[in-house]
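Peer 1: Chains as they are written, first to last, in the working numbering: chain A, 1 to 279; chain B, 1001 to 1153.
Treat the hints as calculated values from the structure; they're not laboratory data. Beta carbons: idealized from backbone N, C-alpha and C, even for Gly. Incorrect hints may have been included.
[As the list claims (entries may be wrong)] Just so you have them, the derived chain A footprint on chain B, three or more residues with Cβ under 8 Å:
hint, segment
1, 1008 to 1018
2, 1064 to 1072
[Stated by the list, open to error] Just some of the chain B residues that point at chain A, by a computed CB distance under 8 Å:
hint, residue
3, Asp1046
4, Leu1059
5, Gly1078
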Amino acid sequence: MQARLNVRADPTLPEFFRVRKRRRELADTWTLELEPGRPFGFLPGQFNMLYVFGVGEVPISISGDPANPEVLVHTVRAVGKTSQAICALRPGAMVGVRGPYGISWPMNEAAGGDVVVAAGGIGLAPLRSAIYHLMAQRERYGRVFLFCGGRSPELLLYSAEVRRWRSRFDIEVEVTVDSAASQWRGNLGVVTKLIARAGFEPSATTALVCGPEIMMRFAVTELVSRGVAPERVYVSMERNMKCAIGLCGHCQYGPQFICKDGPVFSYAKIERQFKVREL
Amino acid sequence: MKTIQDLIAEHAIFRDIEPSRHALIAGCGRNRPFVNGEMLMKEGDDANEFFVIRKGKVLLSIHVPGRGDLAVETLDAGEIVGLSWLFPPYKVQFDARAIGTVRTIAFDGACLRGKCDRDPVMGYALMKRFAQVMTSRLQATRLRMLDVYASAP
């Protein structure tokens, strides 16, 4: 399932979209809603290059609903100069957008079987569009599990929305945190523990994993040890992307480019590189 | 209604042990329910028991003077509460409290240790399973120590 939507004559030229809304998710994380000015189709897991004039351009995954092309949603963590500038944009401000780029989550390939979605920290943002898709087309899938890991209850992304998802009867949602006050009644521990005890059928399961790379490593190990085929475990990788169209080589990952051949890869495809240090 | 022996036979930690020994192990166990907030174990107490959670969730915490009770980990159905019964000085290291209604099989640690001493084959098999539990908890603890969700420097 690869999208080459919104094909433009020059993929290096940004379009100008207006910021419609800005919502603080966490102390350093904001969600921006942009007005594309035209239907902006994308597939779950794809990303855009966001450009703040005079500051810089960064790749940010799309975290909105793929069924709603009238609004473009990005959740951004302010970690560098450009992402801080994006987070500071107010409603009415203009932002440059190139995209969507990249390989999407395998939503068609996952149909007919169970789906495990494992998110760690900000990794829930690139998975949210896939979750919207799963819920919108719920009848196409078997059991659906969402496992969210975070540092503490206060630092869980989209916490109100995750609570709403938990109230649904057709998706099994578990949240776990690394630390919490003793009044916390949820899970306390690593996200891999949730995977270990979940009731999915490994031979017919597709797993979508996104989070810090070390979290993904442990999650993949747990999924594979439970019997999920490496070909059906998908991870979203992150590297320093510049051109987003496979020309500049900044995001080279072994024989592949994250921007063009990813960011979503099956674990079977990148298993060798996944274990190479400093790659 | 399932007996303790039936429940033991189904549980991962005992499943691979020779079935003829399940009755021996069951002799040290009993059903024990806990209501919400009830303590299963308290730090510093003699570690006379351990628990296999059948249903519900248990919070492990530790009291730190000036900071109150700090949550350490939650354990769910199928997991073991209590490892201190295995080794001297047999003292409980953490508080364990029921979150909601919890049903357990409570095992008399001294009883099971005695049977393991008299039946080293069973003792070794059981020790290997408990070592797996300890290893996976150690790995999980290390992963949490890495603080992987912290902002990049």
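Peer 1: Hint by hint, which ones does the structure fall short of?
Peer 2: Numbers 1 and 3 - these are the hints that the structure violates, sorted from lowest upward.
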